[in-house]
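**Student:** Can you build the whole structure from these sequences, using the hints too?
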Amino acid sequence: MSDSSLSQPSRSDRLFSSGSLGEMIFRSLCFSAATLTLVAMAGIIVSLTIGGWPAFKAFGINFFLSSEWNPVSEIYGAAGPIIGTLITSFLALLLALPLAVGISVFLVEFCPVILARPIAVAVELLAGIPSIVYGMWGLFVLAPWFAHYIQFPLLMNLSSDSWLGKMVAGVPNGANILTASLILAIMILPYMASVFRELFLTVPAQVREAAYGLGATPFEVVRSVIIPYVKRGLIGVIMLGLGRALGETMAVTFIIGNTHSLPHSLFDSGSTIASTIANEFTEATSEMHSAALTALGLVLFMITFLVLILARLLIGKRS
Amino acid sequence: MVKKIAALIGFVSLLGSTAYATTISGAGATFPAPVYGKWANSYRSQTGVVINYQPIGSGGGIKQIKASTVDFGASDKPLKVEELSKDGLYQFPTVMGGIVPIINLPGLRSGRLHLTGSILADIYLGKITKWNDPRIASINPWLKLPPVPITVVHRADGSGTSFQFTSYLTLKSPEWASRVGASDAVQWPIGLGGKGNDGVAAFVKQTAGAIGYVEYAYTRQSTVPYALIANSEGRFPHPSTESFKAASASADWTHAAGNNISLLDQKGSESWPIVSTTYILLHRTPSKPDTTAEILKFFDWGYQNGDQDALSLDYAPLPKEVKTFIRQQWKTEVQVNGKAVYSAR
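Read top to bottom, the protein sequences are chains A and B. At the far end of the first sequence sits residue 348, using the working numbering, and the numbering has no gaps. At the far end of the second sequence sits residue 1165, using the working numbering, and the numbering has no gaps.
One should not assume that every hint holds.
[Claimed, not checked] Result set (DSBU-like, lysine-lysine): computed pairs, CA atoms no more than 30 Å apart in a straight line:
#	chain 1	residue 1	chain 2	residue 2
1	A	86	B	886
2	A	195	B	947
3	B	906	A	86
4	A	195	B	883
5	A	86	B	900
6	A	86	B	950
Calculated directly from the structure, the hints in this document are not laboratory data.
**Tutor:** What follows is the structure in structure tokens.
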């Protein structure tokens, strides 16, 4: 292995050393593909900042703190959509994570060969469903079911003064923060589960066999060998799942109820940044309205960006 | 392989042949998109002119015609005269529609529940919270109204429908006017938002005690019963293309500056109170007069031949006199170097 450095020139040598014309074209094509992404991202940030600047300038810190969103009097405070985005995404993650881990551990550790393929295919199929279909399913199937079998009974049986009663207060029609989070969880689940499975498969068979050889139970193997082995990868996948949940638009728009005020309970209607933009951008005729929506876009970009940075920090640099 | 190449050549030549036909692009309001689409289809088969209409929303339509990225814009919300003159634009109406409140109450049939504008405003303000409220009960003595709480449903997306509905509430309730106002999107005091007409209809259908408002066409498709609203003469006509026409017949079109006309709460015992018309936006002095002439020709064709198509899609055609008035207006309003771009015969 130590000899490989002799035969392989370093990266910078590879970038600048001359070769045949074909090689050079190939290199520059790869280089421009990589830089194009950077340029596009910088362009997006710049245009979002310029577009949203009037809103930041007019409302300052109140843009983040106020939950008054009033297109008629041109006052825009985005606390409602920002909080809504964070709550639904984290709830979705909370719901999807144990399921994703369960699915992938089962597939890798316990699954009979005959079942492994159908389950893996089903998980991948879930990932292929367009988000608008999830939205319609949520609106026409999940919401009424949820209202009838969960919201109504809870509303009838819990005192409205109790802590739990306050958490479930709201109009029983299934359009609320919790159902939106449920839909989001279903949407990020297949992605997380399939990458988890790939991760678990990277654990060398010898390590696993050795643990079993020492008399560990399957649970102990998963907890003390497999999970620690892929811990960094796990965090990365969780963060990417969160990123997907933060930006999801269509499915959430259908089912969250779309009110700009701060949600008071899990069963209250709310809104997210993406759903607000999708709802209002087409008909935003005034300049400040467009600016406020563009500023929201920038806020969402920043939140996603922070999540990715956090993921990097948690994963740490590869040694 | 040879077959594939032959097919490809055939396909390319097909593309080539369509490129020769005149293509007109328009963008804007979603509400009239079905009828424009139907007109465009018939018009294309008769004249070969292709009308490419993109229903991107009124806001987008206004922006695009101002930037001249499309040949015509379309909006459900008429522009004010100042805004028209600032950007050198001209607007004219095409078809009308009505907005209808829908209600989900057990056992309620369409047209049985009566409401007034001020009751509707107080429901949407959250001041009337139960269906057996004395104010509702007193004008519906034939109904046994349950003590069910009212769930208010409104549009979540910015929409011309919301603009007309909130304009009507503004007209009927001083408190609504001062607290909320009229716009495509407002700060709703209460309630939850559904996406699109079908989103509102779905929430109302799924929630006992819910009230929402939708375009007339959706009351015909859906099974949710509609309520009647008192018109300016205190009568309760049913929503129909007839009662929308009645409202437009009472309106004073010829004196509306910039054709900016409100059909809300018009006189006439048969007039439905929430009626609106949708508009086409053009440059007053077009840089491409030939294209603009084609656009006017198309809508002229629509005025003369499109009524059945409009009615079949639950739009109300404009009254005959209004069409004649607008067709004459084109000669003086859209000109290049003092000459009419298109003269309707």
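**Student:** For each hint, tell me whether it holds in the structure or not.
**Tutor:** Evaluation of the provided hints:
1. Distance check on the hinted pair: residue 86 of chain A and residue 886 of chain B sit about 26 Å apart at the alpha-carbon level, within 30 Å; holds.
2. Restraint check for residue 195 of chain A and residue 947 of chain B: the C-alpha separation of about 23 Å stays at or below 30 Å, so the hint holds.
3. As the CA atoms of residue 906 of chain B and residue 86 of chain A are separated by approximately 26 Å, the hinted pair is consistent with the 30 Å bound.
4. Note on residue 195 of chain A and residue 883 of chain B: the hinted pairing is violated, with a Cα-Cα distance of about 45 Å set against a maximum of 30 Å.
5. Using a Cα cut-off of 30 Å, the hinted pair residue 86 of chain A and residue 900 of chain B holds, with the two alpha carbons roughly 28 Å apart.
6. Proximity of residue 86 of chain A to residue 950 of chain B is assessed by CA-CA distance (about 43 Å); at most 30 Å being required, the pair is judged violated.
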